[in-house]
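Enquirer: Please put together the full structure from these sequences, using the hints given.
Our numbering numbers the first residue of the sequence shown as 5 and each following residue consecutively.
Take the hints with a grain of salt, since some may be wrong.
Straight line, CA to CA, 25 angstroms or less: simulated DMTMM-like cross-link-like pairs of lysine to aspartate or glutamate [stated by the list, open to error]:
no. : residue 1 : residue 2
1   : LYS76     : GLU25
2   : LYS7      : GLU20
3   : LYS7      : ASP34
4   : LYS76     : ASP99
5   : LYS76     : ASP86
6   : LYS76     : ASP34
7   : LYS7      : GLU81
8   : LYS7      : ASP58
9   : LYS76     : GLU20
10  : LYS76     : ASP58
By construction, these hints were calculated from the structure, which means they are not laboratory data.
Predicted, not measured: the structure shown is a model, and the values here were computed from it.
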Amino acid sequence: MAKYSITVNGRTQSIEAGNPEMPLLWVLRDTLGLTGTKYGCGAGACGSCTVHVDGQAMRSCQVPIQAAAGRKVTTIEGLSEDGRHPCQLAWLAEDVAQCGYCQPGMIMTTAALVAGKKPAGAEQIEAALSAHICRCGTYGRMQQAVARVVAGAKA
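Expert: Right, here's the structure in full:
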């Protein structure tokens with residue numbers, strides 16, 4: 005068993021793993037009990053497991069624990085203490101969620117998108133969200149929520 009140190013939502017964690025290729029997703033969900041990050045496909049295609057690793061949106065099912073060692077990971081639970089991050093508020097204001105399963109990943113992608121330079125327009129927003137799969141088909145409302153965040157609108 006190897007030990008890995010990662011900082012998750014501002015708290016340093018010591019994780020034991022027998023396999024250095026164990027996906028970060030399993031560490032978050034099974035070891036740390038942070039179930040907001042969802043398992044969708046396990047192949048990095050759907051985006052449900054998106055978290056921030058050193059501020060960059062990444063598919064946690066594709067990040068091995070050894071690659072996460074020494075890095076800062078933020079999950080949907082760590083995006084804001086009270087659920088009032090601008091992206092979360094925009095999702096509520098635009099009534100995006102139906103089943104909600106894919107939403108944490110999309111919110112995390114959006115938060116990373118707008119954290120630095122804000123996207124210039126609808127094409128960049130669509131490109132960022134196109135890498136996610138939503139079976140409920142709420143893409144139009146998601147785009148409106150992202151546009152709301154970009155514009156700085158209040159919910």
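Enquirer: State for each hint whether it applies.
Expert: Hint check results:
1. Proposed proximity of LYS76 and GLU25 is supported: the alpha carbons are some 18 angstroms apart, at most 25 angstroms.
2. Restraint check: the Cα-Cα separation between LYS7 and GLU20 comes to about 4 angstroms, which is no more than 25 angstroms; the hinted pair holds.
3. Distance restraint check for LYS7 and ASP34: the Cα-Cα separation of roughly 16 angstroms lies within the 25 angstroms cut-off, and the hinted pair is therefore satisfied.
4. The suggested pairing of LYS76 with ASP99 is violated, with an alpha-carbon distance near 30 angstroms, which exceeds 25 angstroms.
5. As the CA atoms of LYS76 and ASP86 are separated by approximately 20 angstroms, the hinted pair is consistent with the 25 angstroms bound.
6. Taken as a hint, the LYS76 and ASP34 pair is honoured in the structure, with Cα atoms around 18 angstroms apart against an allowance of 25 angstroms.
7. Straight-line distance between C-alpha atoms of LYS7 and GLU81 comes to about 24 angstroms, which keeps the hinted pair within the 25 angstroms bound.
8. Proposed proximity of LYS7 and ASP58 is supported: the alpha carbons are some 20 angstroms apart, at most 25 angstroms.
9. With a C-alpha separation of about 17 angstroms, the suggested pairing of LYS76 with GLU20 holds against the 25 angstroms cut-off.
10. For the hint linking LYS76 to ASP58, the alpha-carbon distance of about 5 angstroms falls within 25 angstroms, and the restraint holds.
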